[in-house]
Structures are given as C-alpha cells and as structure tokens.
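Construct the entire structure; sequences and hints are all you get.
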Amino acid sequence: MKIIDKQNKMPLYFQLMDIIINMIEEGNLRENDQLPSERELCDIYDISRSTVRQAIQELEKEGYIYKLHGKGTFVSPKMFKQNLLKFYSFTEEMKKAGKIPSSKVLDFQIISCSEKLSKKMNLNIGEKIYVFTRLRLADNEPMMLEISYVPYTKFSGLTQELLEENPMYDIFAKMYNISITSAEEVFRSVLTRADEAELLKYSSGLPSMMIERTTYDNEDVVEYTRSIARGDKFKYSILLEK
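First residue of the sequence shown? That's 50 in my numbering, and the numbers climb one at a time after it.
Among the hints, erroneous ones may be present.
Computed Cβ-Cβ distance ranges for the label pairs, DEER-style [to be verified]: (1) 224 / 83: 15 to 21 Å; (2) 284 / 248: 18 to 24 Å; (3) 230 / 75: 40 to 46 Å; (4) 216 / 88: 46 to 52 Å; (5) 275 / 121: 34 to 40 Å; (6) 256 / 83: 23 to 29 Å; (7) 205 / 83: 50 to 56 Å.
Computed list of lysine to aspartate or glutamate pairs in DMTMM-like fashion (alpha-carbon distance at most 20 Å, straight line) [as the list claims (entries may be wrong)]: (8) 116 / 190; (9) 120 / 87; (10) 148 / 213; (11) 127 / 80; (12) 127 / 74; (13) 145 / 281; (14) 148 / 87; (15) 153 / 247.
Hint data in this document are derived by calculation from the structure and do not stem from the laboratory.
Note that CB positions come from ideal geometry on N, CA and C, so glycine has one too.
Here is the structure:
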C-alpha cells in the first residue's frame, strides 16, 4: 500500500488523490465500489479530516468519484472515450464497450421545414421532414438525448415503431439503400437544462456536451441531429498529426 510522505513538498491532499486515482486505474477500486469513509482514510493515511475532504472534493470535481447522500462515496463509472477520426454510431460504440444499447422514442412528428432547418439540410422552406426525439441508453442507463431531423421524401414510410426496433443507420442502409459517406460534427459545452436532466437522470446545471451532427450521402443531407451527452459519461479524442 502506498503511503503519504509528509516530508514531500507535494500537498498531502494531492498525494491522497494520486493514491486513489492509481487504485482506480489499476483496478483495485472498480466502478461503483465504495471508498473508505473520511474517518477511515484519516486513520489509514494518518492525515487530517480537512485534508481528506479536500482530496474528495477535488476527485469529485474531476469525475473520479460520486457521492450518495447518507450512503457514502463511490467510484464513478468509466467514461466512454470516443475517437473522432472516423464515423461512429452510438449503438456500435456501446456494443464495443460491452454495454447493451437501447433507445426510447419520446416523440415522433412530421413537420414543415423551417428557414433555419432548410439551411442546415439543403431543403426548401415548407418541405416535409421527420423530427423525432430519442433517449439513448446503455445497460438501461440514460446516456444521451437526441433530436433528429430527416427528409420525408428520402424516407417515406419511416415510423416510430421502426425506430424503436432498429438502429437508425441500419434502417437507412437496409430499407432505403442510403450509404453514409461523411458526417460533420460541432461540439460545445452547455449547462444541462432541467427538462434534459430529468430525462437523463442527471443534475440540472451540470455540464453536458451538445453535439450537432450533419450526415451526408454524397452531397445530400440525410440527417441533422442535435444531441445532449452527459458530461460525466463521455470524453472525446482526436489524433493530431503534423
């Protein structure tokens, strides 16, 4: 077991953080494992309660742990790392992570394309489009809230039932012979609204990632989706080469 070196110039709380992070990364503490209590950590490492509390606060801020009122402190589930170098789908990424993906269609409508959407989708104002809202889950845990817009003429016959039973990109490929050739995504950090937080089982006001995706079949837009991804569940990476 690592010890805290009180002769070290590194702050004591930072040393405790380092010990706990190493235990998590090495697998000695697993997802949702409970950490020792503040008093136990004080006794184990011979440090003050204020030092322990500072370390716990910083670990919580950085997403390594979470607290349950009246129950204790626990190791946070691992974040999903998404590589942005190639096209990806929520369903396939969750399967790669060993999770069971699912979707709940919360709303499904056919509407007239607005001026704003017409510019994003290269459609005429007033053209019919589908708009549907889906809650994306992994192992029944809410991960992401998506609002998607797709052209009505390209996907005539699309139904809520189809979306509830099949991944959207499978529907595009197998039923409509649509090939995804490229997609553009724009990311920005946002604060989670109360209505979004309720659906995502997340806390209102905490950070989430808003992702705007425009998907193409050659020059044709086949999908415009705006997603809210829980800030504690996802991280994104891209390799930069000189």
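Taking the hints in turn, this is what the structure says about them:
At about 47 Å, the beta-carbon gap between residue 224 and residue 83 misses the expected band of 15 to 21 Å. Checked against the hint of 18 to 24 Å, the C-beta distance between residue 284 and residue 248 comes to roughly 21 Å, which is consistent with it. At roughly 42 Å, the beta carbons of residue 230 and residue 75 sit within the given window of 40 to 46 Å. For residue 216 and residue 88, the Cβ-Cβ distance of about 49 Å falls inside the hinted range of 46 to 52 Å, so the restraint holds.
Between residue 275 and residue 121 the beta carbon distance is about 37 Å. The supplied range of 34 to 40 Å therefore holds. For residue 256 and residue 83, the hinted distance range of 23 to 29 Å is satisfied, since their beta carbons lie about 25 Å from each other. The hint said 50 to 56 Å for the Cβ distance between residue 205 and residue 83, and at roughly 53 Å that hint holds. Between residue 116 and residue 190 the CA atoms are separated by roughly 18 Å; this keeps the pair inside 20 Å, and the hint holds.
For the hint pairing residue 120 with residue 87, the CA-to-CA distance comes to about 12 Å; that is within 20 Å, so the pair holds. For the given pair, residue 148 sits about 18 Å from residue 213 by alpha-carbon distance, which is consistent with the 20 Å threshold. Proposed proximity of residue 127 and residue 80 is supported: the alpha carbons are some 7 Å apart, at most 20 Å. Our distance criterion of 20 Å between C-alpha atoms is met by residue 127 and residue 74, whose separation comes to about 10 Å.
Under the criterion of a C-alpha separation no larger than 20 Å, the hint pairing residue 145 with residue 281 is consistent with the structure, at around 19 Å. At roughly 33 Å between alpha-carbon atoms, residue 148 and residue 87 are farther apart than 20 Å, so this suggested pair is violated. Restraint check: the Cα-Cα separation between residue 153 and residue 247 comes to about 14 Å, which is no more than 20 Å; the hinted pair holds.
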